[in-house]
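Here's the letter readout for the chains.
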Amino acid sequence: EIQLQESGPGLVKPSQSLSLTCSVTGYTITSGYDWSWIRKFPGNKMEWMGYISYSGSTNYNPSLKSRISITRDTSKNQFFLQLNSVTTEDTATYYCARKNNWYYFDYWGQGVMVTVSS
Amino acid sequence: DIQMTQTPSSMPASLGERVTISCRASQGISNYLNWYQQKPDGTIKPLIYYTSNLQSGVPSRFSGSGSGTDYSLTISSLEPEDFAMYYCQQYDSSPDTFGAGTKLELK
Numbered sequence: 001e002i003q004l005q006e007s008g009p010g011l012v013k014p015s016q017s018l019s020l021t022c023s024v025t026g027y028t029i030t031s032g033y034d035w036s037w038i039r040k041f042p043g044n045k046m047e048w049m050g051y052i053s054y055s056g057s058t059n060y061n062p063s064l065k066s067r068i069s070i071t072r073d074t075s076k077n078q079f080f081l082q083l084n085s086v087t088t089e090d091t092a093t094y095y096c097a098r099k100n101n102w103y104y105f106d107y108w109g110q111g112v113m114v115t116v117s118s
Numbered sequence: 001d002i003q004m005t006q007t008p009s010s011m012p013a014s015l016g017e018r019v020t021i022s023c024r025a026s027q028g029i030s031n032y033l034n035w036y037q038q039k040p041d042g043t044i045k046p047l048i049y050y051t052s053n054l055q056s057g058v059p060s061r062f063s064g065s066g067s068g069t070d071y072s073l074t075i076s077s078l079e080p081e082d083f084a085m086y087y088c089q090q091y092d093s094s095p096d097t098f099g100a101g102t103k104l105e106l107k
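Read top to bottom, the protein sequences are chains A and B.
Residues in the first sequence are numbered from 1 upward in steps of one, following the working numbering.
Residues in the second sequence are numbered from 1 upward in steps of one, following the working numbering.
Next comes chain B alone, as it looks inside the complex:
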């Protein structure tokens, strides 16, 4: 299985701050990388698909980039509703695997 190393595991941040979450795959995944947000109530929604494509309805402050083994999710200016868990997921090779998650917390 492809291992996804997601960093940091937690990140204290302030409103309006720019933050970046990283995922490194154990082998190249050809941009087959998605990002999800999980809210404290447990609901999960997609943010970014195929490395850099914004899901419909997701604010433009979210963006994704990367190639090869290294990928990142950036939030350009944190809003109150952005404090949540974030996960990356690769689908280059079955089984799909997820990063361990990043908890974005209010500083």
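The following block holds chain A by itself, in its conformation from the complex:
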């Protein structure tokens, strides 16, 4: 069974960086597909943030392009989100998800809530 699980600090100070890990079990992230970060804001808006592909290429939402980085550790079967210069507007629940060959997100993590506050 494929499972994704997010982890990371639940509280980040404004202007600092937000760093999250997605640990994947049941599938090797270098075998295929795109591995995304998606966030859901208070008030329910959802935003696709970006992905790292099985080959290691990345694609980011232009709204975040100057602040976001998605990387991976293939030895641990994990991928990571770094979001720089956070503000209170980045308070959200962050999800990692797999996008399959039919272009939908078929597996999701349970989400991790991150609050940006001093």
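Since the hints were derived computationally from the structure, they do not count as laboratory data.
One or more of the hints may lead you astray.
Claimed, not checked - As a list, the in silico SDA-like pairs of lysine to any residue whose alpha-carbon atoms are at most 20 angstroms apart: (1) B:Lys39 with A:Phe41; (2) B:Lys45 with A:Glu47; (3) A:Lys45 with B:Lys103; (4) B:Lys45 with A:Gln5.
Position chain B against the provided structure of chain A, taking the given hints into account.
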């Protein structure tokens, strides 16, 4: 970015009722439209992909339709586990964008 206008934002409904949720794209999206369900515990699962294809394991009371800019998700007869949030998502043009969500509530 393509804007997805999802309606209604909330919908009180009764068990056994037939409900329809709509999504309108700001431009044609060639059926590149998916639907997701989010439960109160935060878990998200896909329901429908490419407008009308049912995800494996999803009950047949869920169906999707649409074309051009207008798409809909229908639940033919509400069961207790269907009271949740629903989102549409387009992937015709990057970045993928989501509708604002519909909260299906027990009347």
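Here is how each hint holds up against the structure:
1. With a C-alpha separation of about 16 angstroms, the suggested pair Lys39 of chain B and Phe41 of chain A falls inside the 20 angstroms cut-off, and the hint holds.
2. A distance of roughly 16 angstroms separates the Cα atoms of Lys45 of chain B and Glu47 of chain A; the hinted pair therefore holds under the 20 angstroms criterion.
3. With a C-alpha separation of about 12 angstroms, the suggested pairing of Lys45 of chain A with Lys103 of chain B holds against the 20 angstroms cut-off.
4. A threshold of 20 angstroms between alpha carbons decides the hint, and for Lys45 of chain B with Gln5 of chain A the separation of about 14 angstroms falls inside it, so the pair holds.
Checked against the numbered hints given earlier, the structure satisfies every one of them.
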